[in-house]
Amino acid sequence: MSRYRIPGKGRVDHAAPVRFSFDGRSYTGLRGDTVASALLANGVHLMGRSFKYHRPRGAVTAGSEEPNALIGTSRGKGRFEPNTRATMQELRAGLVAESQNKWPGLGFDLGAVNDLAYPLFSAGFYYKTFMWPRAFWDRVYEPVIRAAAGLGRAPSEPDPDRYASRYLHADLLVVGAGPAGLAAARAAARAGLRVTLVDEHAEMGGALLSDPGVVIEGRPAWDWLAATLDELRALGVRLMCRTTAIGYYHQNMIGLCERVTDHLDSPPENAPRERLWRVRAARVVLAQGAIEKPLVFDGNDRPGVMLAGAAQTYLHRFGVLVGRRAAVVTAHDSAYFAAFDLADAGVRIAVLVDTRDAPPAALLDQARRRGIEVLAGHSVTATTGRLRIRSVRVNRVRDGQVAGGRAIACDCLLMSGGWTPSLHLFSHTKGSLIWDEAAQTYLPGETIEDCHVAGAGKGLWGYGAVLADGDAAGVAAASALGRAAAGAAPAVAHDRTGSGEALRELPSDLAPSLARAFVDFQNDVTAKDIRLAVREGMKSIEHVKRYTTTGMATDQGKLSNINGLMIAADTLGKAPPQVGLTTFRPPYTPTTFGALAGYHRGSHFELTRKTPIDPWAEEHGAVFEPVAQWRRAWYFPRPGEDMEAAVARECLATRASVGIFDASTLGKIEVAGPDAVEFMNRMYTNPWTKLAPGRTRYGLLLGEDGFIRDDGVIGRLADDLFHVTTTTGGAARVLTMMEDYLQTEWPDLRVWLTSTTEHWAVAALNGPNARKVLEPLVEGLDISADAFPHMSVAECRVAGIPARLFRLSFTGELGFEINVPARHGADLWRALMAAGAPFDICPYGTETMHVLRAEKGFIIVGQDTDGTVTPEDAGLGWAIGKAKPDFVGKRSLSRPDMVAPGRKQLVGLLTEEDDVRLEEGAQIVDDPDQPLPMRMVGHVTSSYRSATLGRSIAMALIENGHSRIGEVVHVPMPGRTHRARITGTAFYDPDGARLKL
Amino acid sequence: MQVTVEELAPVARFSLRVRDKGVAAVGKALGLTLPGRIGERADRGDLTALCLGPDEWVLTAPEDARDRIAADLAAIYARAPHSLTDISDREISLRIAGPAAATLLSIGCPRDLDRLEPGRGVRTLFDSATVVLWRDGPEAFRMDVWRSFVPHVRPLLEIGQEELAAGL
Amino acid sequence: MLLIHCPYCDETLPEAEFAYAGEAHIARPADPMATSDEEWRDFLFIRTNAKGPHYERWRHVHGCGRFFNAIRDTVSDRFLMTYKAGEARPALPAKEGAE
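Protein chains in written order, with this note's numbering: chain E, 7 to 1003; chain Y, 1181 to 1348; chain A, 8 to 106.
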């Protein structure tokens, strides 16, 4: 048995020893321990080194507010986590834990020389010291500071664990399963509400776990707890332990992080390590209790100094004595109860120092009966001990005068500076916090959320009051949701109530400049730092915080904020509410990236859409590229080919014979109804009235601002029916825009829009032999040049599959696009490949498609246009139905800026050296010798190597480009500047002869 | 297994758009009353109509009924203009059934599924995919997913199933 | 994540199903070609940017697909009310929290 464990005591399983290691040394704890309680049971208080001064530190709390006992934990490769709170990490068999911020070891740490230099490290040290010489910043200061900064060691390997997430809906969410939360959940569940009760600890009960002597409804606290949990389960309440409410968002959306497997010896396969819950609750009760405040005095950070309530928790929950000879210093009644419980468990209470002159007589009586010496009206001014406290220096204080001190030997010092209501989540709601002068703390005020703070969170003290308040909160939630609820405030016997006073630093007879009286343990901020910051002009608590870093560590100042505020206010001579309070922000406690990412990692990092032909492409070695949400075949390399070789081959094969391309991702919208043509006339620039059924037309869509938004070929299938195609990336956007106009501007039009993007799989055949491949497969349609001319559409069967067949071309070659119901897409593709075999049919990807279209000067919206390009700018003025009275964007085309000279216009660009490929996005200048910064007249939008033309080609947007054909411009690129001549955009077959095949 | 996920065989599926007086006429041609509230469905034999929007229904029927439905509605188009678009191949239907079906869906669907009573259906989200979610029974859901999203949605459901099987 | 009441579905649903669609009650001129450059500019670009109640449009894009109007308080981020497209611009509700 460990030296500091009381046999049989606590909620741990004394029959279940658990082996673990800390800093390479093996220890034994019990099932139900935390790492901190197990180490304390073994007499180990030293658990870490502080951030700045590398001072030895031990656990100061028994909960998630712990600032000191931060450890690294691991469970094999990739499963390392830094900055885990030893007070929260449950013991599991084989747990490997290590301390942080020390070298070479925890007991002897070279970084501790910083502590000797303490007088140098004043508030704002970095700002003051690393100012000059300026050149030192990059080369010296920053690397040194970065090496020294940071807490813990970041894991370097991919995290192999799974993380999960779920949505959850509840009538009532209760955060915190202490007495108030339990009473609230019970009252609401009895009224029939869907209740979820969460608690960050391994088991529910909150303060009841540390106060087993209280009697509730006639039963000892722990019996009452068990019975209440049974009742909640029976009522269908969802009970979630190990679940931290990390953030409170709009309209009662609460983020919960559930630790699913970290406490298990060997987690089941596929179980997630953590699960993020997005809870939407009609009502919320925040029953998060209160956090005990440390006292501020010299040496208050020595291992062995801890909060009195924490010692009480270690005793009752874990059966662990935090020492054999305890000193207690308190400004609040609650520490008396801790002292009594420890004394009853056999701990010698060396002294109980009360800062108050007149503690309650009842407590003094009880202390006297236990033989505890109480020194009222005293202060603690120092502690001694290197890696563990050995003595405490106690001074009498009378009328503000501090008398000489005497040292009292102890092996632990339990302190209590009173309690701070835990209002972090309440603050997330932008709820107001009201300073309570009597309690010297902030209490919850108004919030716009349907949220209620219950129990110690609103400053109540004592189990009777807290249980009654929780019960009332549950009743209120039920009533608010229209359920009748009868309150049943539990009767309490042996209650523990009390009060206290709020202090700044404890009075001392020692020079304040030398006192290491810590306010923020984690960031090593002392009272002296805060007073100095105020004297140096930091008048707002927000400035004090940033200047001293108090409250900015990973604990967000859970222990330190109020002490820091009191000291700053005292220095300023103002009341605390005039100095303010810094803002709490989510998450409540540090949260892993894994929990936030959830399922969205690896292949599910983001949504990837795939076409019906995608499996064929994968099977045939395609290299893919992401296009909008899709993955598309980029090119189909043969063995030994790089991308350039593959694309050159695909281009030449298509121009020489026939190529096949998966165009399934193109957006498709069916526009149907008696007013379909009127709608099309209003949406697109082109005229549609005279387009005959069976014919198609290139359509251009503008925004109301006159700039190009999308384009695509549009077929008229019948008088009342259009088949609209959009760009791949524009499909959803275009449909939304059309719906917007239809629903809100022209609701009288009898026309409906339906996305058919995914109903159709589309294979595009292009090349002089396209018809020869297709013709034998077509039934029910004559696709000869005369019967089915360029820009036709018709229904037929292809390879036995019902199809919508378009004759169109985005390559300049004879082209067909065959639409078939998507389930047949792969069959169609295979049939076309087989039929094309005699013609050496060549599958090509998006890169070849881009090159072929650029050779013809066809634009890609979003590549050659950027949201500031008009049809005229793009050379597409011919697509405007000038006789139409109106269409979306028409009015904007005559705005002064749109017709002014100097607009950037789309042109071709040919480098003087054939083999130079300009970079897409490269800027263009007229005079390469002008001084920097040069005046840029445009930029390259598309640039490729054209195998067909045996040279590079490019498109560019250039100021007044249409009137500068033939002129030379310069394109500075890394290495050198290239000369290029402005041309038209059609580089290949400008007359379109090849389409007429 | 607490929950199974299976891909259902294709059916004839149409997007039906009609409003005002046309609604009754189209309903009559189909032989049922088109439900007027979003989320409600009506059935006649194998034919089902689910109201997805104020002027929008999705119709499902056996594959061999496709041509007849199209012909029946084409016959009344002149006096009851509407849009009937074949979307049979747009979506793939997944059946999600078992005691943990709602839990499995909660990994991606932000709706309160307790409020989606059996016999109703709605368009909503699963992860980042738009889906039509039908509740066919207390423990039986159907999810129509656009085809290209299935390679994302299906494996995500499988991860969720594995998680449920792990029991934590 | 907000909760939004869709006036067509008559249900209060998670924001994830909705998309914001700009300020409400900015009607496209019946004859754009008859507007002056200044009028057209104002229609295109000039918006209220209210601090407090703001009339704005949303679309139940992953639901019934309808555009509708809402009054949202840009300070508290609460919806004061939602109503169907085409309905007249309502007066501000007397009290917050109607929805």
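These are computed hints drawn from the structure, not numbers from a lab. Among these hints, one or two may not hold up.
If you want a taste of the chain Y side facing chain A, the calculated C-beta under 7 Å gives, among others [to be verified]:
(1) R1199
(2) A1209
(3) P1215
(4) L1293
(5) G1299
(6) L1305
(7) T1310
Below, simulated DSS-like cross-link-like pairs (lysine-lysine); rule was C-alpha separation at most 30 Å, straight line [what the hints assert, rightly or not]:
(8) K1208/Y - K58/A
(9) K58/A - K896/E
(10) K58/A - K1201/Y
(11) K58/A - K910/E
(12) K910/E - K888/E
FRET-style restraints, in silico, Cβ to Cβ [what the hints assert, rightly or not]:
(13) D746/E - T1213/Y: 55 to 61 Å
(14) P891/E - A57/A: 48 to 54 Å
(15) P1190/Y - D746/E: 43 to 49 Å
(16) P149/E - A57/A: 46 to 52 Å
(17) P149/E - E1187/Y: 27 to 33 Å
Virtual Cβ for every residue (Gly too), placed ideally from N, Cα, C.
CB of P1190/Y to CB of D746/E, is that within 43 to 49 Å?
violated, 32 Å
Would you settle whether the hint for T1310/Y is holds or violated, based on the nearest Cβ-Cβ distance to chain A being less than 7 Å?
Holds - the Cβ of T1310/Y comes within 7 Å of chain A, reaching about 5 Å at its closest.
_Is the interface hint satisfied for L1305/Y? The criterion is a beta-carbon contact with chain A at less than 7 Å._
holds, 5 Å
That 27 to 33 Å hint for P149/E and E1187/Y (C-beta), does it hold up? violated, 56 Å
Worksheet entry | Restraint status (C-alpha distance of K58/A to K896/E at most 30 Å) | violated, 33 Å
Double-check P1215/Y for me: the hint is only fine if its C-beta lies closer than 7 Å to a C-beta in chain A. violated, 13 Å
Check your understanding: Do the alpha carbons of K58/A and K1201/Y lie within 30 Å of each other, as the hint requires?
Key -> Violated. K58/A to K1201/Y sits at ~43 Å, over the 30 Å cutoff.
- Item | Status of the L1293/Y interface restraint (C-beta, 7 Å, chain A) | violated, 12 Å
| query | When you check the alpha-carbon spacing of K1208/Y and K58/A, does it fall within 30 Å? | reply | Answer violated: K1208/Y to K58/A is near 51 Å, above 30 Å.
*Holds or violated: is the Cβ of A1209/Y closer than 7 Å to a Cβ in chain A?*
violated, 24 Å
Review point. Does the nearest C-beta of chain A fall within a distance shorter than 7 Å of the C-beta of R1199/Y?
Key: Violated: closest Cβ of chain A sits about 12 Å from R1199/Y, beyond 7 Å.
- Item | Interface hint status, G1299/Y versus chain A (Cβ within 7 Å) | With a closest approach of 16 Å, the G1299/Y hint is violated.
The structure does not agree with the numbered hints 1, 2, 3, 4, 5, 8, 9, 10, 11, 13, 14, 15 and 17 stated previously, though it agrees with the rest.
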